[in-house]
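*Asks:* One letter stands for each residue in the lines below.
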Amino acid sequence: MPVCRALCKRLVRWIVVGVAGLVTAGCGSHYVVLHPAGPVAAEELHLIEMAGVAMGVVILFVLVLYAVTVLRFRERGGGPYLPQWNGSRRLEVGLFAVPLIIVAFLAVPTVTQTFALDRLPPGRHHLVIDVTSLDYKWLFFYPRQRIATVNYVDIPAGTPVLFELTADSPMNTFWVPQLGGMEYAMPGRVLPLYLEAGRTGVFTGRSANFSGVGFAHMVFTVDAVPTARFDRWAGSVRRRAPPLTRAGYRGLLAASEAPRETFSGYPSGAFPQSSHGFTLQGGMYVSR
Amino acid sequence: MTHLLAQLFPPSVLRPMELGADASIVIATVAIAAFLTRKRRWGWLWREWLTTVDHKKIGIMYLIAAMLGLFRGGVDALLLRTQLAVPQNTFLGAEHYNEIFTTHGTIMVFFMAMPFIFALFNIAIPLMIGARDVAFPRLNAISFWLFAFAFLLFNMSFVVGGSPNAGWTAYAPLTELRFNPSVGENYYLLALQISGIGTIATGINFLVTILRLRAPGMTLMRMPLFAWSALITSSLIIFAFPALTVALALTMLDRLFGSSFFTIGHAGMPMMYVNLFWIWGHPEVYILVLPAFGIFSEVVATFSGKALFGYPAMVGSMIAISLLSYGVWVHHFFTMGAGAAVNAFFGISTMLIAIPTGVKVFNWIFTMWGGRVRTTCAMLWQLAFIPTFVIGGATGVMLAVVPGDYQFHNSYFLVAHFHNVLIGGVVFGLFSGLYYWWPKMFGYTLNERQGKWAFWFFLIGFWVTFFPQYLLGLEGMTRRIYIYPHGLGWSLPNLVSTGGAYAMGVGFVILVYSIAYSARHKDLDLTGDPWDGRTLEWSMPSPAPEYNFAVLPKVSTRDAWWTMKQAGRTSIRLGEIEPITLPKNTGMPFLLGLSFFVAGLGAVFSWWPVALAGLGGVLALLVWGWFVETGDHVIPAHEVRRSETLPGRLEA
Amino acid sequence: MIGQVQTDARERPLEFRDRRDNLAILGFWFFLGSDVVLFSCLFAVYAVFQGRVAAGPTPRQLISLGPVLVETVALLTSSFTCGLAIAAMRRGRTGPLAAWLGVTMLLGAGFVGMEIHEFATDVRLFGTWHQSGFLSAFFTLVGTHGGHVSFGVLWGAALLVLLWRQGLTPRVARRLYTFSLYWHFLDIVWVFIFTVVYLAGKIT
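Keeping their order, the protein sequence lines are chains R, C and U. Sequence positions in the first sequence follow the working numbering and run 1 to 288. Sequence positions in the second sequence follow the working numbering and run 1 to 652. Sequence positions in the third sequence follow the working numbering and run 1 to 204.
If you are wondering where the hints come from, they were derived from the structure by calculation, not from laboratory data. Here the structure is a predicted model, which is why all the values come from computation and not from measurement. Positions of the beta carbon are idealized from the N, C-alpha and C atoms, including for glycine. Heads up, none of these hints are tricks.
Below are the SDA-like pairs computed for lysine to any residue, each with C-alpha atoms no more than 20 Å apart in a straight line:
1) Lys360(C) with Val57(R)
2) Lys360(C) with Asn86(R)
3) Lys360(C) with Val98(R)
4) Lys360(C) with Ala104(R)
5) Lys360(C) with Ile59(R)
6) Lys452(C) with Glu75(R)
7) Lys360(C) with Tyr66(R)
8) Lys360(C) with Leu100(R)
9) Lys360(C) with Trp85(R)
10) Lys584(C) with Leu23(U)
11) Lys360(C) with Leu60(R)
12) Lys360(C) with Phe96(R)
13) Lys360(C) with Val68(R)
Distance windows between CB atoms, simulated:
14) Tyr517(C) with Tyr81(R): 29 to 39 Å
15) Phe91(C) with Glu257(R): 17 to 27 Å
16) Pro13(U) with Trp46(C): 37 to 47 Å
17) Ile32(C) with Leu106(U): 47 to 57 Å
18) Glu629(C) with Gly102(U): 21 to 31 Å
19) Arg374(C) with Ile59(R): 23 to 33 Å
20) Phe91(C) with Ala241(R): 33 to 43 Å
21) Pro243(R) with Ala55(U): 28 to 38 Å
22) Ala55(U) with Arg124(R): 37 to 47 Å
Assemble the whole structure, with the sequences as input and the hints as a guide.
*Replies:* Set out below in structure tokens:
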């Protein structure tokens, strides 16, 4: 038994060291969800932290109660034996209230933020980018700039971006963790997603919904640059890059991975018609 | 001919790993067949097992199947974790990895957890409620054989035709024929459909059994909690599984008969599949976890030597959870643009489930308060369950916070969460039940010392596997990717996670070894009541006799057996014993399962004559079942008396 | 819900006398509950797919009420004759029981025949269900009901043989009774199909 206890102690030490090592090993910028680079991701992180703290309190409370109970009432624990004690109205009501309060505490910001994040910030100019997920690549159309890119997307920092998502392939999700949460890209529907980069930088995005053999490679980069540089870039693409032809689009439909590409224009109708300035209220089963 | 061969043996089933598995399957089959032949056990196998309608034997067969499922699903898991151990690994290719995570999830849910639950229902429920049998013994055998042949059909995909590869959720339109032309997905659709029919039948069977066959005096509010959980689970099965039936059927129609439900073209709507799948899928989560809650409620009371704390609240909270479970399915796809109002509604309904669940956790803890907690293996799994499940539940609430879910959806945070509740809740519960009821099944207890080794390996392995996965989620790693580059901070957590998975594997091996060891060095249970139990199954000899109760008990309180022991009314009077009538064995359920298997296999490969022959067999067997009564057999009173003498409970 | 068992066995209808038959009837109710969910899902699918016609016909173009009214009358009448069969069974009169059950089967078979003809006409005029989500949902919902009726016809025919071979035993009475529950259930489902698919499809 002493051997066992020593072993247990050593195990506990290993666990503590291991957990600490794991958490600190990447506590830097690797934790993309914890290092938001824009207001949407920041707001989501705020809620995650709130929920995390609330849940941490709950876990701590239950674990302490649990540990005390088990230690006190194990066979050698010396606690009193009360075989008939099988209910207490007052205690049960009290313990019913604990999760109720926690849930109420979390429910209110959940509802308000769910609604808030579903709208573009009012009164600000925004950029529209139409995103199509293909087997196994991302195609970006800039309807106002009439340019297109594959597997990378440049955006102006500090400007809200409305990504309109669809798919010409099985479903994917469009996820740039540092800019905000994900949304599905589905065939037959156009879903809006509002993201914004609060600062310049290069952010990795990927698909989070399994879509076939090339799924793991559906990675793209978001390059947030100053507005002036974005405008210059868009202008030069329009002047210099070749256009995306219908044949070119059909080529992109083939199931394969693709390198970064840039196009100065794209066929009309390549993206499902969407009226700009529509409200960000999806509504179930509304195909637009 | 060459076309047929190419269809049966595509390159994906001719990889070294598959061929190696084939070889070991062949060797194992030949070995078993040779053993049965040498020991002249074929007739025994048919008479005692394949044709049995005894719910306890059916339960044992479910248990064997569940352990096989756990083995296959576990090997799958280790292969996945091996591939992910280091960045840029080339151990498995993309296609191979996709097949393995699909079969891992499908087997763990449908062919490990479900049969494990049905095993324990079958073994314990009739005994706990003081019933002589289940309501429909033959239907019970039919359920089992549909399940067993479906399991066989699903596993055949590995050897013939190729495995499914669209994930256990099989979202359309990835399953659409033009994206997924191999027969693997057909195996998935047909196997789950066939086992689903059996599952609905099991739900009806146990609902009627519990409602109608309880011992005299056992009112609903005197039932053991495990019986309550079976009652509620059965009703969930009956009213949730048809949604899966429809989801699978429509996908099958799309793939095999050219309809346009979930297709991209022809105004199909892939998202409708997702809705139907999760309308079943969320209640399914509670179909899995409520029985575990029931097991824990029995185990904690028994090993604390104390009545369950807050029994009415425990029942009420299970009912509340089951009702709420129908109203939360959209939380599986907050990120599909349902709109803020819908998302907010489903976020709140999901959080509400935390309230009855919290009540249950507190009540389990207060059951121990004032008790004498004996740390047997069964109880250890319960003790591990509480903290593990509380943490898993808490991360679940974090996922219910809708904007948080936008970041967590389909990331490793989600993967960690659902393994946290499904292993920490369901698997721990099933292991607890396994240790608890083992003596009632086989007449001896499992070795406790080895069991503790298995427990610690599995528990520590579990946390080492899944805690890093929470971190990986926060690092932006998405589920179902087979390869990842250096430099994202994912390497160390993945390596640690893989190490943990191997530790869980060691735990499983020790468990299996321990079962084999205990079977050789039987620690016989001669009392029938090795744990100082509280409920009626401990009032009979171990293993439970074929007829269950020599004399049906009369119940006047909860924890009926405990009350009887307290009052010293544990013996049976000789004069009370009468001859007992039980249904005869029948080969019809086995043949029915076989016919479904033939029909399913025909449909998988679109060999319509074969499929029709199978369906013809099904109809013929049904009609045969209507016309030919199987009949009953009677156990004479002296035989009952003889087998009851052993525990020394007979008095003149 | 299902006949609280009275104490005197002889007072009970034949099909409720044996304990096992009692259990089977309760079990069958739960099966019907499960089937209600199945049809609810199919109705939900139909409701969602109603407008998804692509290049195929709209509900209004597809549906012609004439033959459907005949189908409806046949099925509703068969439900009535099924009731008469059970009434005869309660009085222990095997002859009328078999006759009414036979009429029920004939009406059921007629319903199935007309539905097959309706589907064949639809396919000839408008093409297969491949064309649109709507057509797929239409044929699946109506066809699932039709499949249930077809199975019922086979079941009823088998029961007639069983009745002839074994006479009106409690076991046979229970099988007839559960069959009648099934048959009335299909009638109710048809009322919904007629309203939701045919009437609503023609009007809107």
